[in-house]
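**Student:** Residues per chain are reported as follows:
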Amino acid sequence: MSKGDGIYPEDLHYTKEHEWLGVSGGVATVGITHYAQSELGDIVYVELPQVGAAVVAGEPFGTVESVKAVSELFAPTSGTVAEVNGALTEHPETVNRDPYGEGWMIRIKMADAQEVQGLMTTPAYRKYVEDEAN
Amino acid sequence: MSGQASGGAPKKTPLHALAKELGGRLVDFAGWEMPVQFSSVIEEHMAVRTAAGLFDVSHMGEIEVEGQDALAFVQSVTCNDASRLADGQAHYSALTTPEGTFVDDILVYRRGPDRFLLVVNAGNTDKDFEWARRHVSGKVKVENASARWAQIAIQGPRAEEILRPHTPADLRGIAYYHFAETRVGGAQALLSRTGYTGDDGFEIYLAPAASEGVARALLDGGRSSGLLPCGLGARDTLRLEAGMPLYGNDIDETTTVLEAGLGWICKLDKGPFVGREALLRQKTAGPKRRRVGFEMVDRGIARHGYPVRFEGREVGQVTSGTFGPYVKKNIGMAYVPPELSGTGARFSVVIRERDAAAVVVPTPFYRRAR
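Chain order of the listed sequences is A and B.
The first sequence: position 130 = 130 (the working numbering), numbered continuously.
Every number in the working numbering is 134 more than the matching position in the second sequence, counting from 1.
Among the clues, some could well be false.
No farther apart than 30 Å at their CA atoms in a straight line, the calculated lysine-lysine pairs in the BS3-like style are these [claimed, not checked]:
hint	chain 1	residue 1	chain 2	residue 2
1	B	Lys-417	B	Lys-404
2	A	Lys-68	B	Lys-261
3	A	Lys-127	B	Lys-154
4	A	Lys-16	A	Lys-109
5	A	Lys-16	B	Lys-154
6	A	Lys-68	B	Lys-145
7	A	Lys-68	B	Lys-462
8	B	Lys-401	B	Lys-422
9	B	Lys-463	A	Lys-68
10	B	Lys-154	A	Lys-68
By construction, these hints were calculated from the structure, which means they are not laboratory data.
The structure presented is a predicted model; accordingly, all values stated were derived computationally and were not measured.
Make a model of the complete structure from these sequences and hints.
**Tutor:** Spelled out as structure tokens, the structure:
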């Protein structure tokens with residue numbers, strides 16, 4: 001497994017809605033966190049935008065469904081969808097198995113690379129989850 | 135999942151501590167704190183289809199009916215024909231309103247000529263008991279005995295072999311929808327070949343104080359056979375694959391027994407009962423809507439409350455929907471007009487403001503090999 005081993009990988013940024021974001025050269029890879037997939041349970045459906053679609057920070061960009069529940073996915077940053085993980089259509093359970101690796105969802109060409117400053121760092125997110133869990 | 139809300143702190147079953155110890159994720163359901171899952175809904179679902187699963191269903195209500203007029207009373211408030219039950223036999227039935235809708239869907243057990251046990255939905259227990267009491271006449275005692283009964287369901291093709299070492303009962307001799315008053319794990323029990331999963335299995339009614347020991351013994355003994363503790367999540371997906379309605383989702387006080395497609399529990403020729411006239415009228419006129427099972431043709435999962443659309447018009451509502459872990463299809467139930475209720479009929483389910491095609495299929499979605 002790649003990044004999936006760490007429950008809170010160090011090199012990512014996090015949202016309050018439990019998405020993660022990893023930035024490389026103005027492109028942000030986005031997925032949901034280990035905690036999010038664990039809370040959702042077995043993921044059976046993922047609905048993602050088309051390449052080229054505009055996404056806005058804090059606005060829904062897709063949907064993830066477990067056996068039990070439907071949850072919206074919120075964009076952690078604004079920009080244009082550069083790539084979509086099409087493998088999740090056939091194998092949505094990948095998100096449970098490897099949320100930070102093969103379970104990534106979309107890549108966003110960021111409108112403003114400074115936007116990540118508003119997101120949580122790893123220690124901040126870890127504390128946020130621990131507080132939510134209690 | 136949905137249930138009837140009730141005030142105050144959620145109640146706990148006698149197996150609550152065990153569920154916690156086993157890592158169950160606890161949620162509030164119908165006023166009870168219950169495990170929704172232990173490992174994963176899909177894993178538990180598959181365990182029941184291929185081996186066995188153990189469920190705590192102690193939240194279900196039990197109403198005891200006894201006395202010379204017990205049968206007459208049961209006949210007067212339920213739509214199935216309890217006079218056809220022999221001692222040791224049970225059937226699926228409903229407490230019906232004067233409109234022919236569901237006060238509740240229930241199991242009726244005949245323990246003796248003057249002795250019946252009604253097993254009711256957790257969230258409806260108080261309502262059902264009040265309803266029953268209001269309809270009592272003659273020599274009959276109706277008692278809400280829910281606190282005296284715990285209930286463990288063991289379901290799946292290996293349920294019988296797992297249970298066998300724990301009871302002196304001849305399990306082979308207990309046919310589907312029959313029961314024995316026997317012992318399980320040393321405790322007095324009503325052992326019934328029934329369930330809410332579509333697979334073979336048993337429901338064990340026993341004293342709360344004995345239930346944890348019996349559950350532990352079954353789980354320990356069954357582990358090597360693939361027995362898993364299961365939560366309400368798998369219970370819901372299993373019953374849905376089996377085409378069984380869930381009170382509060384698929385049936386309630388606004389849906390009639392005939393609309394729900396449960397005409398087979400509705401014995402209109404058995405004599406008077408609450409709701410009979412309304413159901414007779416509806417049978418003659420034909421219900422204006424019917425509950426159907428459907429499969430999604432387009433991508434997407436239908437969920438409770440999603441609209442059903444046909445030729446641009448909203449014509450009904452989804453009452454249950456999920457991904458079916460064993461059938462591996464997105465399935466659901468909905469009420470639709472009669473002309474859209476035949477196998478092969480197509481309509482749309484509105485999922486997040488988009489029309490997704492669905493097709494009516496025969497239920498159950500899953501039928502076990504016999």
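**Student:** Could you run down the list of hints and mark each one as holding or not?
**Tutor:** Going down the list of hints, with the structure as the test:
1. Lys-417(B) / Lys-404(B): 15 Å, holds
2. Lys-68(A) / Lys-261(B): 27 Å, holds
3. Lys-127(A) / Lys-154(B): 24 Å, holds
4. Lys-16(A) / Lys-109(A): Measuring from Cα to Cα gives roughly 21 Å; hence the hint holds.
5. Lys-16(A) / Lys-154(B): 28 Å, holds
6. Lys-68(A) / Lys-145(B): Holds. Lys-68(A) to Lys-145(B) sits at ~22 Å (cutoff 30 Å).
7. Lys-68(A) / Lys-462(B): Within the cut-off at roughly 15 Å; holds.
8. Lys-401(B) / Lys-422(B): OK: Lys-401(B) and Lys-422(B) at ~20 Å, within 30 Å.
9. Lys-463(B) / Lys-68(A): Roughly 15 Å separates the two Cα atoms, so the pair holds.
10. Lys-154(B) / Lys-68(A): Holds, at about 20 Å.
Checked against the numbered hints given earlier, this structure breaks none of them.
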